[in-house]
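The task is simple: from the sequences and hints, build the whole structure.
Note that the protein sequences, when read in sequence, are chains D and Y. 147 is the number that my numbering gives to position 147 of the first sequence; each next residue is one higher, with no gaps. Count along the second sequence from 1, add 1000, and you get the number used in my numbering.
These are calculated hints, taken from the structure and not from any lab test. As the structure is a prediction and not an experimental result, all values here were calculated from the model. Every clue listed holds true.
With a cut-off of at most 30 Å between alpha-carbon atoms, the simulated DSSO-like pairs for lysine-lysine come out as follows: (1) Y:K1129 / D:K129; (2) Y:K1020 / Y:K1051; (3) Y:K1053 / D:K53; (4) Y:K1020 / Y:K1043; (5) Y:K1043 / Y:K1053; (6) D:K20 / D:K43; (7) Y:K1129 / Y:K1053; (8) D:K129 / D:K51; (9) Y:K1020 / D:K129; (10) D:K20 / Y:K1129; (11) D:K43 / D:K53.
2 protein chains.
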Amino acid sequence: MTAGTAANDTRSRLLDTALKLFSVHGVEGTSLQMIADELGVTKAAVYYHFKTKDEIAEAVAAPAVQELDQVIEAARARRTRGAQIDHALAGFVEVIVRHRLLLGLYNSDPGIQRVINRTFQAPRGEDIKTRMMLVLAGKDPSLADAITVHVVFTGIAMVGGAPEYAGIDDDTLRQHLLDAARRLLGRPRGKGPGKRLPEPALRRSPGV
Amino acid sequence: MTAGTAANDTRSRLLDTALKLFSVHGVEGTSLQMIADELGVTKAAVYYHFKTKDEIAEAVAAPAVQELDQVIEAARARRTRGAQIDHALAGFVEVIVRHRLLLGLYNSDPGIQRVINRTFQAPRGEDIKTRMMLVLAGKDPSLADAITVHVVFTGIAMVGGAPEYAGIDDDTLRQHLLDAARRLLGRPRGKGPGKRLPEPALRRSPGV
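Take a look at the structure:
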């Protein structure tokens, strides 16, 4: 998931291991010792990187939250409402699929929910879900539109992390989720198999 | 929520109280003693009705699971696919809204998830979510259709229990959720404000 550089290798492996253990045992059911054992290092080596399990959970969730933040900012920079929605949907689905293991955990584990909901606030001092809803539903949407967008938004997030689809490869899941989201929100479909949506900005931004 | 008869009054009050406490403290964070205190009875009085907290959680969730089961059976009895889908959607939304406090708990608390997922299996030995998906998406749906229906299904359940809409009255929430679900799944809308969908069968079945 987090393809770390050589310098960050241990930290990166630690986060990958923590996510896998969280997925099996829940955040509450995973100890620093279990993470150390699974990595084959001492607990002191884990402590070198993180002081608490909450810090690990935050670091596990941070890339997805940052990527969502960038998707929203890039979407908001688009000129037309249609382009904003298209960009937000494609980017949202991209992040969901790239972090599907984390999503599955988020959808079922209050330990990670607590942490993510806290970091959700972080990047720009505003709730990331509220900002994503603002891009997708527009300013002052009717209650009907807000509920429709909310259903699609939460549905995509739930299904993206659903164990039922764990066996489906990323590309297939991404395409189907995006098709479903676009269809459900009344966005026109691509003209044919060669037509691809533009890559979400997070792929093109330097430093990601 | 559960309008008990006089005979079942204590049991019914106990379940209402338990649901409220579960919603505030989580299932794990609620003790039998807390339920007794809130009810103003002794712990022995609680024990008279339920031996464990899991039994209480099961009893809290049971009416919604039974109602969903009846919705599915009644939907399956309809002749056309369209009528089956319409019945299943209307009934699903009805159950979701009637049990929105339970849904909100289910969406955020693994304690109640564990219990409900177990009782979900109960009524006919089959997973209720799978059976609802079968009615909504049909037999052997394409992956695209399965994912679309799954997005709408989980989205409706999440939004129905979402704290964001806690201030909206039941009728308004029900109408908007149903409109959204029908629109998202391509079902025709009612012809006007006077046009109402048929009441879900669970309202008409004897013994409910």
